[in-house]
Structures are given as structure tokens and as C-alpha cells.
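Q: Sequence:
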Amino acid sequence: MERYPQQQRNSRVRRTRDVIALLRLALLLFCGLVLTCGFVLAAQRHFVAVQYGYQTESLRTERKKLIEDNQRLALERETISTPARLEPAARKLGLQPARAAQIAPVASQDRSISSAEVNQNKTSTKVNAGR
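When you line the sequence shown up against this note's numbering, it's residues 1237 to 1367, in that order.
Be aware that a few hints might be false.
[As the list claims (entries may be wrong)] With beta-carbon atoms standing in for the labels, derived distance ranges:
(1) K1328 with I1303: 32 to 38 Å
(2) T1297 with T1272: 34 to 40 Å
(3) I1316 with Q1291: 51 to 57 Å
(4) E1293 with R1313: 29 to 35 Å
(5) A1336 with T1297: 53 to 59 Å
Hints listed in this document are in silico derivations from the structure and should not be mistaken for laboratory results. As the structure is a computational prediction, the values presented were derived from the model and not from experiment. Backbone N, C-alpha and C fix where the C-beta goes; we use that ideal spot for every residue, glycine too.
Start from the sequences, fold in the hints, and give me the full structure.
A: This is the structure in C-alpha cells:
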């Protein structure tokens, strides 16, 4: 660094470095850096929380839509499986209404039906349905 005028007596005098001032400056810069990083981290967390809020809201909307679809499909299944709608479809397939002889009586609590009797009833029902 060139000084003007160079005829001055103290033109060659150099100042000593103030180490304490440099330390204070470094400490101030470090604190500013830490504070800035804290604000950036807090902002990032805030934006992530807002994004999760939007995702949660869209998932709630989707869940509500799926529940409504489930209810609609359950109602449709119940309407389709009514006896009045099943009977014409069964007749198209060649099925006939059950006769009294094909229906097995319900066992009372004191008498239990053995599995052999149940199998025999099932076999006779299949044979009768085939005729």
C-alpha cells in the first residue's frame, strides 16, 4: 500500500495487529453463523411440517372417498344379492328351488348330528339336484 505523501516521517511505521479485536470479530461472525443456521433449520422444519399437513389433508380426503365408495359398493352388493334378483339368475343357470326333502332339519341342542349324517345329506342333495 502506497501512502501519500511519502515525505512524512511516519510513512514507514506499521500498526500492530489488535488480536483481541480479531477474536471479537471472529466470535461475532461465529455467533451470526450459528444464529443464521438456526433460522434456516427452523424454516426448513416449518416447511416440512406444512407439507405433512397438506399430505395429511389429502389422505383424509382420500380416506373419506374410499369409505363412501365402500358404503356404496356394500349397498350395491346387498341389492344385487336379494332373493328377488338371484332367483331369475339361478333359473338361467338351470337351478331349481329346493324341495322339502332336500332341506336338512336343524339339530337341537341335546342331539348332535354326526359328520357322516351331514355328508350323507349333502350327497343326497347333489344327487337330487342332478335329476
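Q: If a hint holds in the structure, say so; if it doesn't, say that too.
A: Hints and how they fare:
no.: 1; hint: K1328 with I1303: 32 to 38 Å; in the structure: 35 Å, holds
no.: 2; hint: T1297 with T1272: 34 to 40 Å; in the structure: 38 Å, holds
no.: 3; hint: I1316 with Q1291: 51 to 57 Å; in the structure: 36 Å, violated
no.: 4; hint: E1293 with R1313: 29 to 35 Å; in the structure: 30 Å, holds
no.: 5; hint: A1336 with T1297: 53 to 59 Å; in the structure: 54 Å, holds
In terms of the numbered hints stated before, the structure departs from hint 3 and from no other.
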